[in-house]
Amino acid sequence: MPLSVAISTFGSVNGNILTVSRIFFAGARDRQLPRFLSFIHPTYRTPVPSIITIVIFTVVYTFVDDVFTIINYFSFITWSTMGFVIAGLLYLRWKEPDLPRPFKVNILLPILFLFACVFLVVFGAIASPIETAIGIAVMFTGVPVYFLIVKQRHIQNG
Numbered sequence: 001m002p003l004s005v006a007i008s009t010f011g012s013v014n015g016n017i018l019t020v021s022r023i024f025f026a027g028a029r030d031r032q033l034p035r036f037l038s039f040i041h042p043t044y045r046t047p048v049p050s051i052i053t054i055v056i057f058t059v060v061y062t063f064v065d066d067v068f069t070i071i072n073y074f075s076f077i078t079w080s081t082m083g084f085v086i087a088g089l090l091y092l093r094w095k096e097p098d099l100p101r102p103f104k105v106n107i108l109l110p111i112l113f114l115f116a117c118v119f120l121v122v123f124g125a126i127a128s129p130i131e132t133a134i135g136i137a138v139m140f141t142g143v144p145v146y147f148l149i150v151k152q153r154h155i156q157n158g
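Quick note on numbering: the numbering used here labels position 60 of the sequence shown as 60, and the sequence is numbered without any gaps.
Source of the hints: derived by calculation from the structure; they are not laboratory data.
Just so you know, these numbers come straight off a predicted model, no measurement behind them.
Backbone N, C-alpha and C fix where the C-beta goes; we use that ideal spot for every residue, glycine too.
Just to be clear, a hint being listed does not mean it is correct.
What follows is a set of in silico ranges between Cβ atoms, one per label pair, in the way DEER data are often shown [said to hold, decoys possible]:
#1 ASP65 with PHE147: 29 to 37 Å
#2 VAL48 with VAL145: 21 to 29 Å
#3 TYR61 with TRP94: 34 to 42 Å
#4 PHE68 with ASP30: 31 to 39 Å
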């Protein structure tokens, strides 16, 4: 059993590193994050600065005494973000049904996933309200940054 947990954890970490580094890369390319995060390795075409940034964040997180607090913060942020993404997908499927899509799944699957996300967020908030409030505060710190920096750039550029 411990070997299965280790393999599963390794796969999860690998997937997260690949995903988050590309999110940082895309955000920097769209001028929503610092420009250096958009640089890629000339040979391997990987976003090395983004990966290094993730590693730095991860090392900092290892110094937190209570790992369950970090899990609670990130679980709320992760599941609420996933819920918003799936809600957006459902909205677009309803509002723009004829848009070309690279792939399409049965509508029941995203609806079930959205319910699972809502369940995890609500019961996580009930189980640990303080960590949830901090997670909400952390998420909403991005709103003023967006309006002060990113939106201002778009207004100036036309």
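Original post:
Does the structure break any of the earlier hints, and which numbers would those be?
Top reply: Violated hints: none at all, because every hint is consistent with the structure.
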